[in-house]
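With the UniProt record's numbering, the residue at position 163 of the sequence shown is 163, and numbering never jumps.
Quick caveat, the hints were computed from the structure, so don't treat them as lab data. Watch out, some of these pointers could steer you wrong.
[What the hints assert, rightly or not] Label pairs and their in silico Cβ distance ranges:
id: 1; residue 1: A300; residue 2: E106; range: 50 to 60 Å
id: 2; residue 1: Q316; residue 2: L336; range: 33 to 43 Å
id: 3; residue 1: L336; residue 2: V242; range: 16 to 26 Å
id: 4; residue 1: P31; residue 2: V328; range: 31 to 41 Å
id: 5; residue 1: P132; residue 2: P31; range: 49 to 59 Å
id: 6; residue 1: G281; residue 2: V36; range: 18 to 28 Å
id: 7; residue 1: Q316; residue 2: A337; range: 58 to 68 Å
id: 8; residue 1: R186; residue 2: A241; range: 49 to 59 Å
id: 9; residue 1: G273; residue 2: L29; range: 39 to 49 Å
id: 10; residue 1: Q181; residue 2: Y237; range: 22 to 32 Å
id: 11; residue 1: G139; residue 2: R184; range: 46 to 56 Å
id: 12; residue 1: T169; residue 2: V242; range: 56 to 66 Å
All C-beta atoms in this analysis are idealised placements derived from N, C-alpha and C, irrespective of residue type, glycine included.
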Amino acid sequence: MRGHAAAVIAPRPRGWDLWRAFSWPQWRLHPWRHAVAVLAIMLGVGLALAVHPINASALAEFSAAVRGVNGEPDVRLRGPLDRLDARWLDRALAHPQVRAAMPVIEAQGVAVTPDGHRVPVRLLGVDALVWPALQPDAGLRVREGGDRLDVLAPDAVFGNPAAQAALGTATDTVELQVGLQGHRWRVAGQVALPGGPLLVADVAALQDRLGWGDQVSRLAIRQVSLNIFDRSFAVTYWLQAVAIGMGLMGVSASFSAQVLVRRREFGLLRHLGLSRAQVLGLVAAEGALWTVLGAVAGLALGLAVSAVLVHVVNPQSFHWTMELAVPVGRLAALVLAVVAAGTLTAWASGRLAVRREAVLAVREEA
Numbered sequence: 001m002r003g004h005a006a007a008v009i010a011p012r013p014r015g016w017d018l019w020r021a022f023s024w025p026q027w028r029l030h031p032w033r034h035a036v037a038v039l040a041i042m043l044g045v046g047l048a049l050a051v052h053p054i055n056a057s058a059l060a061e062f063s064a065a066v067r068g069v070n071g072e073p074d075v076r077l078r079g080p081l082d083r084l085d086a087r088w089l090d091r092a093l094a095h096p097q098v099r100a101a102m103p104v105i106e107a108q109g110v111a112v113t114p115d116g117h118r119v120p121v122r123l124l125g126v127d128a129l130v131w132p133a134l135q136p137d138a139g140l141r142v143r144e145g146g147d148r149l150d151v152l153a154p155d156a157v158f159g160n161p162a163a164q165a166a167l168g169t170a171t172d173t174v175e176l177q178v179g180l181q182g183h184r185w186r187v188a189g190q191v192a193l194p195g196g197p198l199l200v201a202d203v204a205a206l207q208d209r210l211g212w213g214d215q216v217s218r219l220a221i222r223q224v225s226l227n228i229f230d231r232s233f234a235v236t237y238w239l240q241a242v243a244i245g246m247g248l249m250g251v252s253a254s255f256s257a258q259v260l261v262r263r264r265e266f267g268l269l270r271h272l273g274l275s276r277a278q279v280l281g282l283v284a285a286e287g288a289l290w291t292v293l294g295a296v297a298g299l300a301l302g303l304a305v306s307a308v309l310v311h312v313v314n315p316q317s318f319h320w321t322m323e324l325a326v327p328v329g330r331l332a333a334l335v336l337a338v339v340a341a342g343t344l345t346a347w348a349s350g351r352l353a354v355r356r357e358a359v360l361a362v363r364e365e366a
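Construct all of the structure, not just a fragment, from the sequences and the given hints.
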């Protein structure tokens, strides 16, 4: 007791001195009591964190499957005679089931190379900013050394492999004849789309050059299929909350028991002159350290469980494989939230230790 008292008789005891005099002896003399709190956090965090990589892996696999189905949009909205007012785009985007929508112009024409070679082509006008959301695997790729803004240039076209083979990879410009109109275009790159010769250009440029005004051929719409898939896992997020709640309940129960056991010790600290804030800070610091240890161990446990489920259980039980995706940002946010909640739980439990009754109990014994 003399050593403990000496550490706090100083006018302003430092936090390290308090921890060394009062917290560390408790850890050393009662390791299993503290291990229970760490174990509760580890199990709760481990079970909660195991769900995130599994969900992310399944969502990534499903997303790849959706993108791989011919790269086609989910819905096409057409008008009479293949003409549609572009104002329908705002209505489509306002629909809650629409994730992305893009105006499209499609026309048949003839591409004439500088040497007079004529190639029938299909001309496609798209919005380069929305195109990746509808067809991620068919992005517009600028030629080596070209300007990346060529995807928005009003005079640039991008050819698919069939068009490049027919026109020649060295062709820099083509004359496109659509109906009675002819315009010169610059071949700025390529697009990974299968089928016959196809040239892709900016939809606004095609509207201007073809004289379509505000008309388009159709709207390409991607529904919120991935969001619906993600919502199907909503129950797992509730399970996460339950698992973390159980861990925090374990910490709260452990701290409440420790407060009762160490009530006189905390009362002695108040009796020797420590402020309420100092004692609460000591209790909160202990809780933060326990929670950090449990959260780190739980993170390792959760990742291990996810890896086993994805690489071992899933192939054996469902006979298909997927890559393990680790959402680092989401996991880090969850760990920080658990540490903050554990610290707050310890602080709330420690308020019992700084009540006036604790000080009076020490004075009565004295």
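How the hints compare with the structure:
1. A300 / E106: 50 to 60 Å: With Cβ atoms ~54 Å apart, the hint holds.
2. Q316 / L336: 33 to 43 Å: With a Cβ separation near 35 Å, Q316 and L336 satisfy 33 to 43 Å, so the hint holds.
3. L336 / V242: 16 to 26 Å: holds (20 Å)
4. P31 / V328: 31 to 41 Å: holds (33 Å)
5. P132 / P31: 49 to 59 Å: With a Cβ separation near 55 Å, P132 and P31 satisfy 49 to 59 Å, so the hint holds.
6. G281 / V36: 18 to 28 Å: holds (23 Å)
7. Q316 / A337: 58 to 68 Å: Violated, since Q316 and A337 (Cβ atoms, about 34 Å apart) do not stay within the stated range.
8. R186 / A241: 49 to 59 Å: holds (56 Å)
9. G273 / L29: 39 to 49 Å: 25 Å Cβ-Cβ, so the 39 to 49 Å window is violated.
10. Q181 / Y237: 22 to 32 Å: violated (56 Å)
11. G139 / R184: 46 to 56 Å: Distance hint for G139, R184 is violated at roughly 25 Å.
12. T169 / V242: 56 to 66 Å: Holds, at about 59 Å.
Hint compliance for this structure: hints 7, 9, 10, 11 are broken, all remaining hints hold.
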